[in-house]
Amino acid sequence: MNNSVNSTDIHKAIVAEQKAQDRKKMMVNGVLLLLLLAAPFVLYPVFLMKILCFALFAVAFNLLFGFTGLLSFGHAAFLATGGYTTGYLLSNYSGLTTELGIIAGTLAATVMGTAFALLSIRRQGIYFAMVTLALAQLVFFFYVQSDFTGGEDGMHGIPRGKLLGVLDLEDNMNMYYVVLAVFIGCYLLVQRIVSSPFGQVLKAIKQNEPRAVSLGYNVDRYKILAFVISAALAGLAGSMKSVVFQLASLNDAHWHMSGEVILMTLVGGMGTLLGPVVGATFVVNVEYQLAQGPLRDWVDPILGGIFVLTVLAFRSGIVGEIQKFMKKNLG
Amino acid sequence: MSEPYVLETRNLIKEFKGFVAVNDVNLKIRQGDIHALIGPNGAGKTTVFNLLTKFLIPTRGQILYKGEDITSLKSPAIARKGIIRSFQISAVFPHMTALENIRVALQTAEGTSFSFWKSGHSLNKLNERSMELLESVGLAEYANTTTVELAYGRKRALELATTLAMEPQLLLLDEPTQGMGSEDVDRVVELVRKAAQGRTVLMVEHNLSVVSKLCDRITVLAQGAVLTEGDYQTVSADPQVREVYMGSDGSGERGVASAEDDNLEAAQ
Chain A
3 MNNSVNSTDI
13 HKAIVAEQKA
23 QDRKKMMVNG
33 VLLLLLLAAP
43 FVLYPVFLMK
53 ILCFALFAVA
63 FNLLFGFTGL
73 LSFGHAAFLA
83 TGGYTTGYLL
93 SNYSGLTTEL
103 GIIAGTLAAT
113 VMGTAFALLS
123 IRRQGIYFAM
133 VTLALAQLVF
143 FFYVQSDFTG
153 GEDGMHGIPR
163 GKLLGVLDLE
173 DNMNMYYVVL
183 AVFIGCYLLV
193 QRIVSSPFGQ
203 VLKAIKQNEP
213 RAVSLGYNVD
223 RYKILAFVIS
233 AALAGLAGSM
243 KSVVFQLASL
253 NDAHWHMSGE
263 VILMTLVGGM
273 GTLLGPVVGA
283 TFVVNVEYQL
293 AQGPLRDWVD
303 PILGGIFVLT
313 VLAFRSGIVG
323 EIQKFMKKNL
333 G
Chain Z
818 MSEPYVLETR
828 NLIKEFKGFV
838 AVNDVNLKIR
848 QGDIHALIGP
858 NGAGKTTVFN
868 LLTKFLIPTR
878 GQILYKGEDI
888 TSLKSPAIAR
898 KGIIRSFQIS
908 AVFPHMTALE
918 NIRVALQTAE
928 GTSFSFWKSG
938 HSLNKLNERS
948 MELLESVGLA
958 EYANTTTVEL
968 AYGRKRALEL
978 ATTLAMEPQL
988 LLLDEPTQGM
998 GSEDVDRVVE
1008 LVRKAAQGRT
1018 VLMVEHNLSV
1028 VSKLCDRITV
1038 LAQGAVLTEG
1048 DYQTVSADPQ
1058 VREVYMGSDG
1068 SGERGVASAE
1078 DDNLEAAQ
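Protein chains in written order, with our numbering: chain A, 3 to 333; chain Z, 818 to 1085.
No lab work stands behind these hints, which were simulated from the structure alone.
Note that beta-carbon positions come from the ideal geometry of N, C-alpha and C, so glycine has one too.
With the Cβ distance kept under 7 Å, some of the chain A side facing chain Z (calculated, not the full set): (1) ILE12; (2) SER197; (3) PRO199; (4) PHE200; (5) TYR219.
Same shape as in the complex, but just chain A (with noise of 0.2 Å):
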């Protein structure tokens, strides 16, 4: 051991490196905050809000699989569900602003997501993701079967409203602030819980679980939080894009979504904040431009290309790559 090297000093650097960090976070931040607000005024704001709603599902699975290490494959449940609930209830009940009809979506998803977890904390790995998938493929059933979902048709024509009964949302500019201000909202908090004493406990427990259980860490409980946050995000996502699309239907709740999903977060890089909304914003680009072009019925074969060479060459995602090439050469 070197004598010479004081305590108080490592940990005086230790500190100011976090202050660093913390200054290096807000500059990322600011200039995404400045092109999320150019933004509309450059492409279209409908395409926008889309991105952003994926976005923040991918931003709240992350939450569970990238940090806490729990591989969900029902995740398309709690979007459907915040979208079909906020349809319904916006639909049927002309007195109820926007953004009740939004709450109560995610409140919907937040239930669900804490029966979800109460079936499925116990299993491990590819159990867990067996158990999801299977509940999420229950939920999905019964939207086919229900009449309110309008079952393979979908639910169309919900009207946008009004936000809180004075701001027009019919209006895209209007529409794409609210969601963008949601949006920001939920990856600041995020952010916050990633780094929280609650986030230093699921960092524990993914790369440690056995041994955040000897040092007294009832490691199931916080499962079951990170994966109700998770989910309630997830559901406000759904919520959002059928207020956005005006529209709620069984692609939401289709595991096929639980499975984009997972392929945003890793090609955006997974475990980073950023990652994700990177990801989104991927493939949502790819699945468009292809629609457009004569390669229009080979959306899925090249996104399931992506994903294999994602998986095999750049494991840390777009986001994860980048990092690592800027520690290696700038320190």
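Could you slot chain Z onto chain A? The hints should help.
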């Protein structure tokens, strides 16, 4: 003293399908002792540890901690009672810094572990104590190093410091010197000796020279059952022990431990 034994097992039995891993084990761990659990591979030492900390559920039998029956408690509850274990392979959180590793342990006493809305900086108040603990195992200068980058011996030292952060009353160490070169072994022996002050330690250990240096009392397990118990002199003189543990002629007393050391040194 009304209760001289910190930990006691009564007729502890663990059966796996058609195989008895731990057979009718009665352990009595005295307050303040460093107590070793030794025996050949497959004797059931680690299984006993897993039973004591509820990583496995006993088939039959009782576990008493300070006279209280803790047989039905779950692992986290056992930990909160002050019985903290370490693992055979180094149990650290690899992608956290050494400082963060310690803080995860200190955090349990804070009661803010579910506070997902709190800033991470609220944990900075644990830094001072964390640095003290790191210093006590000679790791202060590695406080900001990601654990996965630490050498093996340092990981074990970090694990010990993390365990001590829990202020355990009873320390269960599963082969603390396993996989170490002789220099590291000496350091761990010193660390354990220091850690044991004011505490009770139960350790599984293969290296007999470590056992002879450290331990007040030794229990020998063979095929899941207690073979004998006593201090080092008594146990090492027992012909039965020599037979199961060191081979039939008894000349292997150093043999087992030193051969293991040599292998590991060669491997490193």
